Amino acid sequence: MAVKRFNPLPGFGLTMGYTILYLCVIVLIPIAGLFLRVFDLSWAEFWRLATNDRALAAYKLTFGASCIAALVNAVFGTVVAWVLVRYSFPGKRFFDALVDFPFALPTAVAGITLSNLFAANGWLGRFLVPLGIEGAFTRLGVVIALTFIGLPFVVRTLQPVLENFETEVEEAAATLGAGRARTFFTIVAPTLLPAILTGFALAFARAIGEYGSVIFIAGNKPYHSEIAPLLIVIRLEEYDYAGAITLAVVLLLFSFALLITINLMERWASRFQN
Amino acid sequence: MSIELKSVSKKFGAVAAVNDVTFSVNEGELLALLGPSGGGKTTVLRMIAGLELPTSGDIFIRGQRVNDLSVRQRNIGFVFQNYALFKNMNVFKNIAFGVKIKKWKPADIQARVEELVQLFGLEGLEKRYAHQLSGGQRQRVAIARALAPKPSVLLLDEPFGAVDAKIRQELREWLVTLHHELNVTTIFVTHDQEEAMEVSNRIVIFSRGNLEQIGTPREVYEQPRNEFVARFVGVMNVLDTEVAGGLARVGELEFPASGHPDGTKVRIGFRPYAVQISSDLTAHRYRAVLRHTYFLGVLLRVELELPSGLILRARMSKEEYAQQGLADGKPVSVNIRQYRILGSDSESLRPEVATMYDTIVGAGEGI
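In order, the protein sequence lines correspond to chains A and B.
In short: position in the first sequence from 1, add 26, done, that's our numbering.
In short: position in the second sequence from 1, add 991, done, that's our numbering.
Quick caveat, the hints were computed from the structure, so don't treat them as lab data.
Note that this is a predicted model, so its numbers are computed, not measured.
Take every hint as true, because none was put in to throw you off.
Interface residues of chain A toward chain B, partial, derived using beta-carbon atoms under 10 angstroms: (1) Val-195; (2) Ala-198; (3) Arg-208; (4) Ile-213; (5) Ala-215; (6) Leu-219.
Only pairs whose alpha carbons sit at most 25 angstroms apart, straight line, appear in this in silico DMTMM-like list of lysine to aspartate or glutamate: (7) Lys-1118/B / Glu-197/A; (8) Lys-1093/B / Glu-196/A; (9) Lys-1002/B / Glu-192/A; (10) Lys-1094/B / Glu-196/A; (11) Lys-1091/B / Glu-192/A; (12) Lys-1078/B / Glu-189/A; (13) Lys-1141/B / Glu-196/A; (14) Lys-997/B / Glu-1149/B; (15) Lys-1078/B / Glu-192/A; (16) Lys-1141/B / Glu-194/A; (17) Lys-1078/B / Glu-196/A; (18) Lys-1084/B / Glu-194/A; (19) Lys-1002/B / Glu-194/A; (20) Lys-1084/B / Glu-292/A; (21) Lys-1078/B / Glu-197/A; (22) Lys-1084/B / Glu-192/A; (23) Lys-1084/B / Glu-196/A; (24) Lys-1002/B / Glu-1043/B.
Beta carbons: idealized from backbone N, C-alpha and C, even for Gly.
Let's have the full structure, built from the sequences with the hints guiding it.
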């Protein structure tokens, strides 16, 4: 006999149903469509489209630059979050609000602004270009744009964790004879690592998909400074749908694998938490 | 002398947290810093540790002036109220942290941690993280961690604050036993007078940043230096009155107050145990009605109402209560066997040093 079971939290059926519907319409069905189209291709054809030299260069740039940008953000985002949480200084709230700026700014505007800034006659470029640092229309430009758009992720994931970090723990380390550096590297940093990894993963994922800001600063030279999302757009403009979809699927699989890996690392890093 | 504070003061901005405090702690002593919250006791503890720097005054640990030594160099063990365990390290690594920094040999570290794990009953928990431990276990890890590098003094901030009443009692007894075994100079902060009385060899009482009294539990209970101490350590009946004809009268109670001129405002203070009660109505001088009995365990607290409406608090053993055949509502005779005349400035909690009277008061005291 079936026993009717009551859940103390009402609305499970309704909310679960909505969640599944939502995920299907917004996420799963488009992705499934993508895979269905790619199955129209033969394996050999898929492989040829996925691994031609131009595509390989684009993957390399997209993942490489995204990784570098996310790493830069992991380090400097941690510093920014630390300063914003630990110290009080005039204009703190203003700086705090500034962190969200890359979220709000249209990416194209960010790209144009950054490329003007780093161009040979730009405010920063006029000093940096003579030193051999060319920020605009190079691969470095890609990294700069991706760093800009990824900054809020690490800062915002780390802030609440830092706010909950007890200063007594640092004092305890000091009473046991530990210096500041040792305290930071053996106690503070490992405690923050899961949050830093989460921020890193978010920034990384965001950077892989970024298009708007990068195309204005990258120069977009094929085989050199052309990112994978741009190559997809180019294929579409050439009516080469098979090529575009192939690139999209490869990008998708890579991102998925990366996110899973980072997720596992996160789980390992937070093994000491409940 | 293990620790000495000489005229130590601490100001946070304009607020004086600790005011010209001088006291010393003997080697191997178990000392309680007692006082209401905001009394300055935690600040004193943190200054000894080096976590706060005194605004003025000197602190000595084993004869060495430590004012200019950083917390790292003072060789103290500190146990925080919330334990402050390293969440990313397991029990073993937490305990080993201090000796690792001191660059002990790995074999010595292993031996020291094992010794403490055994002493603290933490066997089998070495690989656990803080979130996998109970409150009591966390505290033991925190104390073991503080003791591992063999500090010259162990400092504990509200060590029993974060655990429930039953475990609290166990931990108190355990701390006393531990102190017996290790004999390390220990100072702990508490706002609970019962805890301080039960656990410590001596108590330092603070209020509003001032040191009010230092003494053994018995001394501060029986010879409180002022009204604050008298009220804070244990229950006390306090009655306000004025001296007339050499007597301080409150309702029908009369207290000889020789030495206090007529018209002086005084406060009469006496402990509940100083109130004698008898069901024999001729036994004592005053009459009263037993209004209410509170069962506290072996001891009972009773409230007595005098005909004038005056309420007195008294304490007696269960056996005596039963022997006398007492019950709520019963008439009894009462006497106050010991009392003190406290200073006269009524509002201040720092009255002049009280006079101690041990003289027999009133009739019927010969029992």
